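Chemist: If you want the building blocks of each chain, they are given just below.
Protein chains: 2
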Amino acid sequence: MLSQTTEYALRSMSCLAYMPDELVSTAQLAEVTLVPMNYLAKVLQLLAKAGLITGRRGVGGGYRLKRSARDISILDVINAIDPIERITTCPLHLENHSGKLCPLHGRLDAAAKTIIEQFGGISLHDMLAEDPTVRPLCNTEMLRRVDLTMGESG
Amino acid sequence: MLSQTTEYALRSMSCLAYMPDELVSTAQLAEVTLVPMNYLAKVLQLLAKAGLITGRRGVGGGYRLKRSARDISILDVINAIDPIERITTCPLHLENHSGKLCPLHGRLDAAAKTIIEQFGGISLHDMLAEDPTVRPLCNTEMLRRVDLTMGESG
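Chains as they are written, first to last, in my numbering: chain L, 1 to 154; chain C, 1 to 154.
Isolated chain L (complex conformation) (with noise of 0.2 Å):
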């Protein structure tokens, strides 16, 4: 339902929401959220452009979060990959359509509206502090090397 680009977005933006203070190269973002680099790298260009994170280039350089974990909804990710969109008007403009949605179309829109409340009322810091023993991305090498407990500013 959701993509396997928005998936690795998730990771991404865990991995990077763990280590607020830090940039994290792509490489290492690769290690950690087991996505190839090639692909990795294309995800993360979709995340800058949407205003998420912040990079910098060259040696020491990677990329952070523009801005609190605690200020980005998981919605806010997908949306920067494949926006969720409401259907307000009907797709095939038929004027007795206009007024009220079909059963199809309402359909459609009642799952999007789900799915934007679903994952619209959870921030990436909520997401990852709710349960201590299963945390995201936690078992990975590098993860396994970094204090889990998510900084201030994350």
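No wet-lab data here; the hints were simulated from the structure.
Quantities reported herein were computed from a predicted structural model and do not represent experimental measurements.
It cannot be assumed that every hint is accurate.
For chains that are exact copies, the list does not tell them apart, and a pair is met inside one copy or across any two.
To be verified - Listed next, the in silico DSBU-like pairs over lysine-lysine satisfying Cα-Cα at most 30 Å (straight line):
{"#": "1", "residue 1": "Lys-66", "residue 2": "Lys-49"}
{"#": "2", "residue 1": "Lys-66", "residue 2": "Lys-42"}
{"#": "3", "residue 1": "Lys-113", "residue 2": "Lys-42"}
{"#": "4", "residue 1": "Lys-113", "residue 2": "Lys-100"}
{"#": "5", "residue 1": "Lys-49", "residue 2": "Lys-100"}
Fit chain C to the given chain L structure using the hints.
Modeler: Quick look at chain C alone, frame taken from chain L:
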């Protein structure tokens, strides 16, 4: 959230459900669904491959539903195009997530579950009959000429 192709598939299946006893040509379907012919041809191939419709080539040929619209759920149509899959094991194969998904994948799975429930529980027939004041596709030129009361086999 659901792809354009899925939306086109749902429009096509709706049209065929209105006329369960007829072979409807790709050109006729294109007229009703407002989907470009070439794109539609590919959508119909996917629906045929999934066993939802059956076709006959040549003059007078076309497609019809392979089984009753009462026995085809909206989820069946969605799954013919972009299957919605539950997440049952950690996509990163992290050892300590083998018994329990992390909150990231747990939430992605919960969303998939919701959508499967929303669309798995309603048949194409019931959706089309749901609101007689706004039937899907009902104002397109071709369907204005046919009886929107679905046949017994639909």
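Chemist: Each hint should be assessed against the structure and marked as holding or not.
Modeler: A quick look at each hint next to the structure:
{"no.": "1", "hint": "Lys-66 x Lys-49", "in the structure": "within (11 Å within a copy, 46 Å between copies)"}
{"no.": "2", "hint": "Lys-66 x Lys-42", "in the structure": "within (17 Å within a copy, 42 Å between copies)"}
{"no.": "3", "hint": "Lys-113 x Lys-42", "in the structure": "both (28 Å within a copy, 29 Å between copies)"}
{"no.": "4", "hint": "Lys-113 x Lys-100", "in the structure": "both (16 Å within a copy, 27 Å between copies)"}
{"no.": "5", "hint": "Lys-49 x Lys-100", "in the structure": "neither (35 Å within a copy, 34 Å between copies)"}
Violation of the numbered hints given earlier is confined to hint 5; every other hint is satisfied by the structure.
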